[in-house]
Amino acid sequence: MDFLAEGFRRALALLFSADAEVYGIALLTLKIGLLATLVACGLGIPAGFALATKSFWGRRAALTVVNTALAFPTVVIGLLLYGLLSRRGPLGGLEWLYTWQAIVVGDVLLAFPIAAALAAAAVQGVDPRIRRTAETLGAGRWRTAWTVAREARFALAAVITTAFGHVVAEIGSAMTVGGNIRGQTRTLTTAVALYTSQGDFGLALALGLILLLLALLVNVALQALQGRGGVHHA
Amino acid sequence: MLELVGVVHRYERRVVLDIERFQVPPGSRVAIVGPNGSGKSTLLRLLALLERPTQGEVRLDGAVVTGSGSARRRVTLVEQRPVLFRGTVRENMEFGLRLRGDGRTEMNRVVDNVAGLLGITALLERRRHELSDGEVQRVAVARALAVEPDVLLLDEPTSSADRAAAQTLYRALAEERARRPLAICLASHQLEEAYRWADDVRALADGKLAPVTPETLFRVELPAGGAAGDAGLKHVCVGSIEVAVTTDKTGPAILAVPPTDIFVSREPLASSARNVFSGRVTRLAHQRAGVVHVTADVGVELVAVITEEAVRDLGLVPGGPVVFSFKASAVRVF
Numbered sequence: 000m001d002f003l004a005e006g007f008r009r010a011l012a013l014l015f016s017a018d019a020e021v022y023g024i025a026l027l028t029l030k031i032g033l034l035a036t037l038v039a040c041g042l043g044i045p046a047g048f049a050l051a052t053k054s055f056w057g058r059r060a061a062l063t064v065v066n067t068a069l070a071f072p073t074v075v076i077g078l079l080l081y082g083l084l085s086r087r088g089p090l091g092g093l094e095w096l097y098t099w100q101a102i103v104v105g106d107v108l109l110a111f112p113i114a115a116a117l118a119a120a121a122v123q124g125v126d127p128r129i130r131r132t133a134e135t136l137g138a139g140r141w142r143t144a145w146t147v148a149r150e151a152r153f154a155l156a157a158v159i160t161t162a163f164g165h166v167v168a169e170i171g172s173a174m175t176v177g178g179n180i181r182g183q184t185r186t187l188t189t190a191v192a193l194y195t196s197q198g199d200f201g202l203a204l205a206l207g208l209i210l211l212l213l214a215l216l217v218n219v220a221l222q223a224l225q226g227r228g229g230v231h232h233a
Numbered sequence: 000m001l002e003l004v005g006v007v008h009r010y011e012r013r014v015v016l017d018i019e020r021f022q023v024p025p026g027s028r029v030a031i032v033g034p035n036g037s038g039k040s041t042l043l044r045l046l047a048l049l050e051r052p053t054q055g056e057v058r059l060d061g062a063v064v065t066g067s068g069s070a071r072r073r074v075t076l077v078e079q080r081p082v083l084f085r086g087t088v089r090e091n092m093e094f095g096l097r098l099r100g101d102g103r104t105e106m107n108r109v110v111d112n113v114a115g116l117l118g119i120t121a122l123l124e125r126r127r128h129e130l131s132d133g134e135v136q137r138v139a140v141a142r143a144l145a146v147e148p149d150v151l152l153l154d155e156p157t158s159s160a161d162r163a164a165a166q167t168l169y170r171a172l173a174e175e176r177a178r179r180p181l182a183i184c185l186a187s188h189q190l191e192e193a194y195r196w197a198d199d200v201r202a203l204a205d206g207k208l209a210p211v212t213p214e215t216l217f218r219v220e221l222p223a224g225g226a227a228g229d230a231g232l233k234h235v236c237v238g239s240i241e242v243a244v245t246t247d248k249t250g251p252a253i254l255a256v257p258p259t260d261i262f263v264s265r266e267p268l269a270s271s272a273r274n275v276f277s278g279r280v281t282r283l284a285h286q287r288a289g290v291v292h293v294t295a296d297v298g299v300e301l302v303a304v305i306t307e308e309a310v311r312d313l314g315l316v317p318g319g320p321v322v323f324s325f326k327a328s329a330v331r332v333f
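Top to bottom, those sequences are chains A and B.
Quick note: the first sequence uses numbering that gives the first Met the number 0, first residue 0, plus one each step.
Quick note: the second sequence uses numbering that gives the first Met the number 0, first residue 0, plus one each step.
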């Protein structure tokens, strides 16, 4: 118990000491997480809309693929991306291996199917009469989609938070393509893994607490954007 | 003019609608009657351009139209169980106006006018969970009227309304039609509603336009008082014949003679039927499952439904003699 208590004491001290390294890692994690979530949801939510509302050849197969991709191991994503970005790989010319950009790409690959599959489920959960009503009142494709999105706003907000949660908590891909380089590609999760293995439990715990705080902040921000979250009022 | 031409519509492989031509002329009041599952809602969704017919065309003023483009803004559908968007009633009514690009002043003017017309002014700031089903239905009609469509399609518009609400709705539609040219096409399973309100009633059965119902319905003037000793029995002029009916109603009414309640024979039958009319067969329409619709001119055109076997036994042929008999109590009065 002393060991745990000591860990928490050190973690809190680090949090309030404005340690440059700790906050540098936290900021990089936030930057990577937000950017990857933005790109993944920017692509995945429209894809989910299309999967839920359009009938096209291969739709069922596409749904199966994104649903299967939900369970794709992040370390395998990292491995595949490593192959693509390594010097001899087809994208080696970008020279992104062991950069934060590579971590973003890995996170986007991880979060895209999450965004697409959950958005498709969210849109399918909206009463189909909402869409028909918007159309019959003269709404075009985009306005109709926006109207449906408004009705599914809580579910779509959950899509974004889930995607962000997966991205910031992911370690396999970040470690493989980021390399955990101090000051460059060290994120909260890779740092936690490193410091734990080095026996610096207090530092690892401090970084873990920051990770939790980040997730909490993003959730609060999204709830504020939604308005009266959780109340089943229209 | 909004019309369906050569339309066959399928869900999976099942044909749900098969209509050669269906027209809603400008400014008309058309009612589609038929039992549940007859295809009324599908027909309205095709007219509203919400679904594309599997075969055939939807035309607006002669031009083939699809779901995209400006045509949709000229045709609006209110579904049987309408839904409101998130937000207040006012925001719902502003939905289509925003799409039209109206400014705040114009939106307020239109919303207040239409809300007044439908008696929902007190509901404008309420949200959907604060409304009853009947109120939602009225708001949905108001929301549709606000965008001033050329054609308003209504699917069972009074299914959740009480008598007073239904009267308010029809009065509002009449006032709107008096103000500007508006065609209304209404689907209902209630003959009474359809005949009380529409100029043109068409029957739909199993996805096909059926000639039966409209031809067996007649607008009449019911006299006050019945025959001596026969309380409620009245004789009413329908075309060149006099039909015995049992009713306490007086004044304008609709008579319906259910085709299945008409006995068909070659000679007048000695029976309790108060209505016995001789005439000639004008059409024999063979339907599925061995059923035949026998149309006869007996002074007015009536349709009876009998079996193919009965047609053979009676030797009925177009132009041949026939007698239609039905009881006074079989005649429905609306």
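Just so you know, these hints were derived from the structure itself, not from any lab.
Among the hints, erroneous ones may be present.
Stated by the list, open to error - Example chain B residues on the side facing chain A (calculated, C-beta under 7 Å, incomplete):
1) Ala47
2) Arg71
3) Arg72
4) Leu76
5) Val82
6) Arg85
7) Thr87
8) Ala173
9) Phe262
10) Val263
11) Glu307
12) Val310
13) Leu313
Where a beta carbon is used, it is the ideal one built from N, C-alpha and C, also for glycine.
Q | Interface hint outcome for Val263(B) [beta carbon to chain A under 7 Å] | A | Nearest chain A Cβ about 45 Å off; hint violated.
(Q) Using the nearest Cβ pair, does Leu76(B) come within less than 7 Å of chain A? (A) Check passed: Cβ of Leu76(B) comes within 5 Å of chain A, closer than 7 Å.
Q.
Is the interface hint satisfied for Phe262(B)? The criterion is a beta-carbon contact with chain A at less than 7 Å.
A. It is violated, given that the least Cβ distance between Phe262(B) and chain A is near 45 Å, above 7 Å.
Q: Would you check whether Arg72(B) satisfies its interface hint, that is, whether its CB is within less than 7 Å of any CB in chain A?
A: holds (4 Å)
Q: Could you check if Val310(B) really has its C-beta closer than 7 Å to a C-beta on chain A?
A: Given a least distance of 44 Å, the restraint on Val310(B) is violated.
Q: May I ask you to test the interface hint for Ala173(B) with respect to chain A, counting a Cβ-Cβ separation under 7 Å as satisfied?
A: violated (22 Å)
**Q.** Interface hint outcome for Ala47(B) [beta carbon to chain A under 7 Å]
**A.** Constraint on Ala47(B) satisfied, holds at 5 Å.
Q.
A closest beta-carbon separation below 7 Å is what the hint needs, so does Val82(B) meet it against chain A?
A. holds (5 Å)
Q: Against chain A, run the beta carbon of Leu313(B) and see if the smallest gap drops under 7 Å.
A: violated (49 Å)
(Q) Is the interface hint satisfied for Arg85(B)? The criterion is a beta-carbon contact with chain A at less than 7 Å. (A) holds (5 Å)
Q: Report holds or violated for the interface hint on Thr87(B), using the least CB-CB distance to chain A and a cut-off of 7 Å.
A: Violated - the Cβ of Thr87(B) stays beyond 7 Å from chain A, reaching only about 10 Å at its closest.
**Q.** Interface hint for Arg71(B), Cβ within 7 Å of any Cβ on chain A
**A.** holds (6 Å)
This entry does not satisfy hints 7, 8, 9, 10, 11, 12 and 13, going by the numbered hints stated previously.
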